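Take the sequences, apply the hints, and build the full model.
Quick note on numbering: my numbering labels position 99 of the sequence shown as 80, and the sequence is numbered without any gaps.
If you are wondering where the hints come from, they were derived from the structure by calculation, not from laboratory data.
Some hints here could point you the wrong way.
[As the list claims (entries may be wrong)] No more than 20 Å apart at the CA atoms, straight line, and that leaves these computed lysine-lysine pairs for PhoX-like:
hint, residue 1, residue 2
1, -14, 45
2, 86, 96
3, 45, 27
4, 80, 45
5, 96, 71
6, -14, 3
7, 45, 89
8, 71, 27
9, 96, 27
[Said to hold, decoys possible] Across the chosen pairs, the derived CB separations fall in these ranges:
hint, residue 1, residue 2, range
10, 3, 70, 37 to 43 Å
11, 2, 33, 30 to 36 Å
12, 67, 1, 33 to 39 Å
13, 96, 27, 37 to 43 Å
Nothing here was measured: the structure is a model prediction, and the numbers come from that model.
All C-beta atoms in this analysis are idealised placements derived from N, C-alpha and C, irrespective of residue type, glycine included.
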Amino acid sequence: MTDPKLAELNSSTMGVQMPEIKLADGSTVQTGTVGALLLNTRAYNKAHAEGDEATMAELREIMKIPLSLLDRVGLFELFTPEEWINDGGKNEGRRVVGKLFLEYKEAKENSNMSKE
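In structure tokens, the structure reads:
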């Protein structure tokens, strides 16, 4: 089942209702997640350049939403979080996504450890 919050985010960011596809694991997801993340990263860069802290905070929350799906499909194996973070300061939005993913993974690992 598609995550309704992610589906709404992707559609509103992309400006169109995005189709759903079935992944190899049998789960259904909405397309457009990477495209929406790229647009939100670009918006973050603009807000950062303008010093717009409120927009940056809002976009950080928005950019957290797709991390679980992007982890499942292997985006951060193709481009490691460290690559997102260590770009020499050229892309603040990209750096933030990398840091958010590392925080997500740490929280996920801590959650798994507490269940054991």
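Comparing the hints with the structure gives:
At most 20 Å may separate the alpha-carbon atoms for a hinted pair to count; residue -14 and residue 45 meet this at roughly 11 Å. A threshold of 20 Å between alpha carbons decides the hint, and for residue 86 with residue 96 the separation of about 15 Å falls inside it, so the pair holds. With a C-alpha separation of about 18 Å, the suggested pairing of residue 45 with residue 27 holds against the 20 Å cut-off. Among the hinted pairs, residue 80 with residue 45 is consistent with the structure: their alpha-carbon atoms are about 10 Å apart, no more than 20 Å.
As the CA atoms of residue 96 and residue 71 are separated by approximately 39 Å, the hinted pair breaks the 20 Å bound. A distance of roughly 18 Å separates the Cα atoms of residue -14 and residue 3; the hinted pair therefore holds under the 20 Å criterion. A C-alpha spacing of about 13 Å is found between residue 45 and residue 89, which places the hinted pair at or below 20 Å, so the restraint holds. Only pairs whose Cα atoms come within 20 Å are accepted, and residue 71 paired with residue 27 is accepted, the gap being roughly 13 Å.
Taken as a hint, the residue 96 and residue 27 pair is broken in the structure, with Cα atoms around 41 Å apart against an allowance of 20 Å. In this structure, residue 3 and residue 70 meet the distance hint of 37 to 43 Å, their C-beta atoms being roughly 40 Å apart. Distance hint for residue 2 and residue 33: a CB-CB separation of about 34 Å, consistent with the stated range 30 to 36 Å. Against the hinted window of 33 to 39 Å, the Cβ-Cβ separation of residue 67 and residue 1 comes to about 34 Å, which satisfies the hint.
The beta-carbon spacing between residue 96 and residue 27, approximately 40 Å, falls within the hinted interval of 37 to 43 Å.
In this structure, the hints that do not hold are numbers 5 and 9, in rising order.
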